[in-house]
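Start from the sequences and build out the full structure, keeping to the hints where you can.
There are 2 protein chains.
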Amino acid sequence: MRVLGVDPGLTRCGVGVVEGVPGRPCTLVAYHVVRTDPDDELPHRLLLLDRALTDLVAEHRPESVAVERVFSQHNVRTVMGTAQASGIAVLAGARAGLPVQTYTPSEVKAAITGSGTADKAQMTAMVTRLLRLAEPPKPADAADALALAICHIWRGGTRSKLAAAADRVRRGGAR
Amino acid sequence: MRVLGVDPGLTRCGVGVVEGVPGRPCTLVAYHVVRTDPDDELPHRLLLLDRALTDLVAEHRPESVAVERVFSQHNVRTVMGTAQASGIAVLAGARAGLPVQTYTPSEVKAAITGSGTADKAQMTAMVTRLLRLAEPPKPADAADALALAICHIWRGGTRSKLAAAADRVRRGGAR
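Residue numbers (the numbering used here), protein chains in the order written: chain S, 16 to 190; chain D, 16 to 190.
It should be emphasised that the hints constitute simulated quantities derived from the structure, not laboratory data.
Take these hints with a grain of salt, some might be off.
Among chain S residues calculated to face chain D with C-beta under 7 Å, some are [what the hints assert, rightly or not]:
id, residue
1, L57
2, L61
3, G102
4, A109
5, V115
Glycine included, C-beta positions come from ideal geometry on N, C-alpha and C.
Here it is as structure tokens:
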């Protein structure tokens, strides 16, 4: 199964493509960071992001797309742009006829590290190890997108088991 | 000038098309409310919204698009869906090669009623009067979209004067 993960953002949008099957090590296909200029106008930024994501989906031909779910608890100044970027990412997958799944940050963290509250350094270290990379993905923005793709593969392309795991973590029964 | 206004929403998205020139009465061309099912999955909802808005832009051939700017102060439960819908609306205009302008709710209220804090009933009454309609637009969701379009026309397709007016309103010197 090939999955394209998206860590949505308007200024920096991480994209990671990973191949694998549940329960086995995954393989890195590619990763990118799509950037748009904060000084540019919103319509142009969304257009550039839409084109870049549509092109990456066409180039890498994933079987499904995983996008991080945005919460309003995030930085209030940037959360609207992040939410709009996530909408564009979900749409890019849906327009290509692909199944699109969203995951909360804590679901992804729990899937990758066993803890829903892992920090960024721990996540990057695990992604580097799980994909057997010689060094961490650069820029770091790509690591979260790769983690989303790995998370989606390991859950067999469905969210149900992961949601249950995340619930267990929240109840304090984590590994 | 023909303008397509969008009051973004995932469950109900108002769309209003108005024709006119600055300083003269405007004419109603059409209004619609695009609905998606809250029980449906997000990717399908965004896809339906994208198709509907893209079709309405193609059908009505506006010269520009005006979209309400979303704030995180809105209802936290629905604000993410509203932000995603606004991203889809801005993108639909940009993909058609049209200029897209966003306005805050208080900018639109100030333009239509002279007060940035006008309530919904007052806005609907003014839109009905300004477009010389026999009765208020139904459903009411369309009134805000029509107000956005009128606001954009009256400001001559630019936001600068309006932003200045809104600032004056905020400083207490309305109209």
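Going through the hints against the structure:
| no. | hint | in the structure |
| --- | --- | --- |
| 1 | L57 | 6 Å, holds |
| 2 | L61 | 5 Å, holds |
| 3 | G102 | 3 Å, holds |
| 4 | A109 | 4 Å, holds |
| 5 | V115 | 4 Å, holds |
When the structure is compared with the earlier hints, no violation turns up for any of them.
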